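*Asks:* Here is how the chains run, residue by residue.
There are 2 protein chains.
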Amino acid sequence: MLKKILLFGFAGLAVLAVGILIGHFGIEQDNSPKWVRDLSQNVDESLIKKFIAEVDNMKIQENLRKLTEVPHMATTPGDEATVEYMLKRWQDKDSGLDAAWREDYRVYLSFPKKDTPNTVTVVSPSNAVLFKAQEKEKAYTPDQEDPEVVQPYAAYGPAGHARGKLVYANQGKVSDYELLNRTLDLSGTIAIVRYGGAGRGAKAINAAPFGVVGVLVYTDPYDINDGLMSDENETYPHSWYLPPSGAERGSFTSDFGDPLTPYLAAKKDTYRIPEENINGAPPIPIQPIGFGDAQALICELGGSAAPTDWQGSFPCTYNFGGPGFRDASTYRDSEVKLDVYNAGELRNSTNVMGVIWGSVEPDRYVMYGNHRDSWVHGAIDPSSGTAVMLEITRILGEKVKSGKWRPRRTIIFGSWGAEEFGLIGSAEYAEEYISKLSQRAVAYINVDISVFANATLRASASPIAQNVIFTASKQVNAAGSSSVSVYDNWLKYFNRTSPTYGLIPNVGYLTGAGSDYAPFIHYMGITSMDLSYTYDRSKTRARIYPAYHTAYDTFDYASKYIDPEPLKEAVKSFRNAAANLDRVIHSSDLLNETPLKARRINDQLMLLDRAFVDPQAFPNKYAYRHVIWASRTSGVATFPGLADAVEKARTTGLKEDWAEAHKHLSIVTQAISGAAHTLTEVHQ
Amino acid sequence: MLKKILLFGFAGLAVLAVGILIGHFGIEQDNSPKWVRDLSQNVDESLIKKFIAEVDNMKIQENLRKLTEVPHMATTPGDEATVEYMLKRWQDKDSGLDAAWREDYRVYLSFPKKDTPNTVTVVSPSNAVLFKAQEKEKAYTPDQEDPEVVQPYAAYGPAGHARGKLVYANQGKVSDYELLNRTLDLSGTIAIVRYGGAGRGAKAINAAPFGVVGVLVYTDPYDINDGLMSDENETYPHSWYLPPSGAERGSFTSDFGDPLTPYLAAKKDTYRIPEENINGAPPIPIQPIGFGDAQALICELGGSAAPTDWQGSFPCTYNFGGPGFRDASTYRDSEVKLDVYNAGELRNSTNVMGVIWGSVEPDRYVMYGNHRDSWVHGAIDPSSGTAVMLEITRILGEKVKSGKWRPRRTIIFGSWGAEEFGLIGSAEYAEEYISKLSQRAVAYINVDISVFANATLRASASPIAQNVIFTASKQVNAAGSSSVSVYDNWLKYFNRTSPTYGLIPNVGYLTGAGSDYAPFIHYMGITSMDLSYTYDRSKTRARIYPAYHTAYDTFDYASKYIDPEPLKEAVKSFRNAAANLDRVIHSSDLLNETPLKARRINDQLMLLDRAFVDPQAFPNKYAYRHVIWASRTSGVATFPGLADAVEKARTTGLKEDWAEAHKHLSIVTQAISGAAHTLTEVHQ
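Heads up: the protein sequence lines correspond to chains A and B, in order.
Here this note's numbering is used: the first residue of the first sequence is -2, the next is one more, and so on.
Here this note's numbering is used: the first residue of the second sequence is -2, the next is one more, and so on.
No wet-lab data here; the hints were simulated from the structure.
Values in this document were obtained by computation on a predicted structure and should not be read as measured data.
It is possible that part of the hints are untrue.
[Unchecked claim] To spell it out: a stretch of chain A is covered by chain B in this simulated footprint if at least three of its residues, at any positions, have a beta carbon under 8 Å from a beta carbon of chain B; those stretches are:
1) 357 to 364
2) 523 to 529
3) 602 to 609
[Unchecked claim] A few chain B residues that don't get close to chain A, going by computed Cβ distances all over 12 Å:
4) Pro155
5) Asp290
6) Asp306
C-beta: ideal position from N, C-alpha, C; glycine also.
Model the full structure from these sequences, guided by the hints.
*Replies:* Listed below in structure tokens is the structure:
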């Protein structure tokens, strides 16, 4: 049943993506006289209907089965098997693709030792082991017992042995450790923290200055299982909830891409920075554990009760720790011991690429990507996306092979390697091909995961891509419905009121680096979108994908010190330019005008995101160049550099911090003005 | 007589530039059927001949007279008068230009105080003034007596009062001060140095760590007057040689652009760095003086004789200084006193812009620029260039006005302000419009100075622009000749043997930041050229425009430590891509193919320089992003980052310096690979 609904979701995403790929990017020309017709390759509705009719759920299911036969963590034999499977599919002359190939990079990954697993124990003063956390998750199906399943670990966390009294540090934010530090001496302690609130690596980076020697991290049922204190009867395989032994693996560095070759493609001979210079890696041992084990530790802690917003779903009061366990506990006076054996090594990671050349504008690329590596079997993350991508290439390829259709622009497919270690495959690809991609890529579409039943579309995108998604989503019916469109269903779950268009689906922001869109939008400024099917947020409060909606608030404070007038002027000129370009598009008689006019206007649209790229904006944030969508620490969604700087200045009140805020105001103003120049009619 | 030959040079440059502006950028299409003909706008030879015939020497002369009526140092009333003159010319509806406007920036300039001139004196122990250097140059014509003539000074040099024993420090290089420091205690001394060998500001920056408290700088007759020890009968106005009181003014910062707003356009409200953070400004007082005064000081110095290569053209032995003067001198025991009153202020600097819109590709810009500000009257630098630019706009404008002709691509003219203070006008323009210019500029042509009689063309350019200059220079006759082309004349003076083309004129490199081409090629990666008419180098050894010719030498050393194989591979793939693109161009039947094909190939060519731009390549060199043409300190012409790093590693032998060299090898390799991707046929 679950599987059936899932497959509905897959098919829905496949037809939506087909619509986007062959649909409207920028403006199209009308279709006579003949030479204009040859150039225009207009998308007609019947063509889209034909494509949609050909999406085959059984084929997607078969793709998924093949892709998830064995665990395929990045660079393992299981991963290489998926590389070969994709290559076989795409290089088959019946595939219709014009070419497919592999791109290999030599990247630095971090793994636990198979023969010496990382351990977390409670040890008495006499060194008796009183408790041992599960080394591996409990298997509920035979394939989960595969010896290739990697134990939960913190990739890029250092090897080391730490032992100390336990404290509970909420989410491991700086403010969490500061609060603890007011009443406790944290030096020599082990902190247990829950996921959320701070980046994975940051939980250890924030801890170290307080003298904390090791960190345990787990997922609280409050954050992931809707607060159910979730015994095995309530969780997977009985529901979609996380079981007690489930532990989130992950990359614990702060930058994306191969950590030893920032800004450079990781080829065999490429210069590599020393391992100790990896940016944002945890300085102290850190290990993820299941919430079953976390409960066994946290509910035994002594000390005062933690504040209300630190409490989770365990049936006990979360105390700070004495430090250490309470006197009534069997662990009284015992310490937590953390033994981590992670080690880094250079490994071969592969992207599999496929291409269908455009008939009219082969040098304009619409790109579609999905990572291939998983932490374990990856049925959902990422193979659901890969299965859909394979079905899309099958359908488009068949049409190309038949000789009846070819896209106007080139379509490039990317199956990225080593995403789970920090978007490594896509980032290395971006670094290697930045010149060409900056010059030619019209847009990048990322499909990572298609999740959960009762699905609705979830889309994050550059604003310029919003209409492309709206148009495509209106052409496809929602899962299981013959009358409700994906658009209407989406509108029901995620919506907002636009001053111009009224109630429309809420397209999210591409902030952060959650998936492979990051190198495209942040590093290269290429218009991007990230698509998935997701769960009903009205029925769950699972902690992912928080929305941000309070841009500009901080300007009330900044205006005391800095004149925001030039920013307002820049925004105004940008608005005028955009409105004017819209008029040009709608008043143009492209039928009788030079075909270069359509190209020119399309170029203006294509390059709009590029105008917001400023390599000087964030000198300390690797690969973040987009002044609107870069990552931030403050809670404000837009203008991250400015928001962070203003927040800091508000906190410190220092003149030099206000100067930095002023600098970011100038950077943002200049970028918006540049974008306005890009959109302004070219005769200006 | 001199004037007449000069004007021949001007006219030659005007017709050459016209040829380039309306001539071949990239490939053109053939001219039937009609729709292709409409798009192609082919340049026919007769059109070029017609343009050439219309160049009017008398009009250039009149332009020059108007432009040089008064001194027009940047932002002074004289400068504003030239702004208004250019605007009047270009905005006149009879001009034929489609539009002309001013762009104002608020920039930080540095001036001496009019009522308190900077002074250089020799002061006895009893404070008697024994000698005073001339505050202003001697006037030989009435206009040189204009009170607006600014006294010689070091722009951005600090105000201050320094007094100490004099030493002669050759060119003020680090190695010069080191040599002096071996036998002398430099602390508390004043150093006198000659121009050349090190940047202007560097002469003071290098001095300060040795305890030197002030610097005098002059131009030795050896370096500028062919070694003649040049009394007033031999120099201007009797010849083109520099008179004894002539002193070179200049900007003494190391970066270009407004020094307070790096990377940001200097608008009214733009964030400004603190003045004390200006990069590369002299830390101690420094003042230029004439060589007449320099002789009076140097020939009195005590101490040992300086080495042969420190000797100049004065009729005495150049000694190091005791420190101070020799015992037999009337200045014995006296000190040199340097009183500098320079002060910085925010001033309004103006670029004047003019445009002729392209008929077919209005969103592709061919740009032509020349700075407008001078240190004094600027008859040669820059008004010779401005006079030529005005004649070019007159000729093109008349054709546009007649309705008979319009260029295929847009031509933008820029009359830059405040170049003498560090390319400020062009750099601020680049910072403000980088998005649009990066996307649309096909090429930038810079014409700063047209110098001296017996002129030959001197051209520095991106290699991709070489053929454009060759083609245009073959269509124009050399000054005063009816049979020898500019090309043939040029070939006589500057030539090299190309392995492919045999003997051809030697096109120089656009390294460094000598004029307004720097923001275009270095900061934005736009194909650029710098044109002028220059003197016969076989007859003079004046110190400007040194050539560099020893690329790759240092690889012998690097290969001991680093495998250069990937670089060779990248160069090979670049060569193959270039050769292949050449084949595509020559085998294409553009007549019967889509017009977008020509556009696509032109885009590949246009974006080639952009592919070499890497914002991460030189984190400590403001605005230098082009990995081939950036500035360097080592003597090797190409791959500046790599050459500097290898030279440093060779000197120190340190492992970390070789690691840095390896990093630059990777950066260069990646850039060349990226350029190859740009040129590779788009179906690959």
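*Asks:* Starting from the hint list further up, note which numbers the structure goes against and sort them upward.
*Replies:* 2
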